[in-house]
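Please construct the entire structure, taking both the sequences and the accompanying hints into account.
Residue strings, one per chain:
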Amino acid sequence: MSDKLQKTAITPATHTAPPAKFSHGVRKGNILQVAGQVGFLPAVPGQSPTPAGPTLREQTLQTLANVKAILEEGGARWEDVMMLRVYLTDVDHFAEMNEIYNEYFADLTEAPAARTTVYVGLPAGLLIEIDALAVLG
Amino acid sequence: MSDKLQKTAITPATHTAPPAKFSHGVRKGNILQVAGQVGFLPAVPGQSPTPAGPTLREQTLQTLANVKAILEEGGARWEDVMMLRVYLTDVDHFAEMNEIYNEYFADLTEAPAARTTVYVGLPAGLLIEIDALAVLG
Amino acid sequence: MSDKLQKTAITPATHTAPPAKFSHGVRKGNILQVAGQVGFLPAVPGQSPTPAGPTLREQTLQTLANVKAILEEGGARWEDVMMLRVYLTDVDHFAEMNEIYNEYFADLTEAPAARTTVYVGLPAGLLIEIDALAVLG
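Residue numbers (full-length UniProt numbering), protein chains in the order written: chain B, 1 to 137; chain R, 1 to 137; chain X, 1 to 137.
Hints were generated in silico from the structure; no laboratory data involved.
Some clues are possibly wrong.
Treat identical chains as interchangeable: a pair holds within one or across any two.
[To be verified] Once the Cα atoms are required to be at most 20 angstroms apart in a straight line, the calculated SDA-like pairs of lysine to any residue come out as: (1) Lys4 <-> Ala124; (2) Lys21 <-> Gln62; (3) Lys21 <-> Ser48; (4) Lys4 <-> Leu136; (5) Lys68 <-> Asn102; (6) Lys4 <-> Glu58; (7) Lys68 <-> Thr16; (8) Lys21 <-> Ala65.
Following this line, the structure appears as structure tokens:
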């Protein structure tokens with residue numbers, strides 16, 4: 001059918017290869033889903049993934065940059081995001097994460113996304129993970 | 001374009017201001033996303049957010065009321081909800097939460113939403129958090 | 001209205017009854033949401049739900065089979081899945097889960113779904129839970 005929706009993988013050149021058979025992002029019709037991103041620096045061939053730094057600020061900003069790269073590669077903007085899921089490892093990081101989050105989104109030109117923040121375990125050294133659901137159009 | 005989808009923030013008057021730049025709910029087209037809700041009582045100006053009570057029952061019912069307020073403000077009903085994500089802090093709360101959940105949804109007139117329940121950390125004093133994805137139409 | 005979307009519960013015959021008033025899956029329009037699945041074997045009348053086995057491999061394969069049964073009952077394939085949320089209880093299970101995941105999805109004919117993996121608590125004996133969001137069409 002001519003109106004069959006295509007599902008497309010979104011793989012920014014800067015991203016490290018996923019550690020398993022999943023996509024950093026997928027788009028189908030006007031739905032774009034971003035996989036859980038962490039604070040890994042842009043990929044360097046031959047190097048294993050490296051976090052932007054040990055601090056919550058460094059990792060949060062890099063994680064948001066990684067989400068944004070996938071959104072843009074898929075034709076979306078932050079303004080298209082409906083939901084951000086924020087996974088922290090430490091309840092005491094909530095206030096600082098919110099500060100960074102507010103600075104980061106200060107210039108948003110539409111209603112901000114909904115958000116859920118919960119506290120989970122993450123691999124050693126990682127303090128934050130974020131995924132996103134966007135609706136384009 | 002006349003058919004461009006608008007993203008709208010959903011902010012019930014009863015709700016405390018979000019602690020960061022996110023929306024309690026957003027709607028775009030026929031998709032409505034409710035942010036993670038906890039058992040905070042309706043906002044009182046000048047007071048910080050206060051849970052409905054210390055018990056799982058009090059917090060669960062208030063949390064569901066908070067989700068419902070956002071759904072209704074966005075033009076949706078419980079029947080439009082596709083997915084509820086329930087975050088508990090204690091595995092031993094599962095059975096009691098299910099009892100409360102079943103009472104609460106006893107009168108649902110359509111297929112109930114799908115649901116995922118997992119056990120995470122939440123800020124001190126909070127026992128449950130719930131978010132929701134609805135499809136209207 | 002003739003174009004009103006219907007919400008339909010998806011309940012494979014093999015599945016144990018949900019422990020509360022939720023659906024194993026729901027479909028509305030071209031959106032299909034699969035509830036959190038664990039590694040329970042196909043239901044046997046009169047028996048309580050039983051995990052496929054104690055190992056991560058047994059539970060992961062059964063969990064994926066349970067997700068797949070709901071997708072298929074709802075008219076979807078793995079290729080339609082946009083997002084898989086994987087909940088593990090142990091960070092040390094990540095590498096092995098990825099191996100199993102890659103074997104399982106080796107024959108996927110389209111872009112794989114996005115994925116988020118986080119580490120949470122689950123009821124005793126359960127090592128993995130997975131839910132899924134699919135867009136058909």
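Checklist entry - Honestly, which of those hints from before does the structure not fit? => result 1, 6
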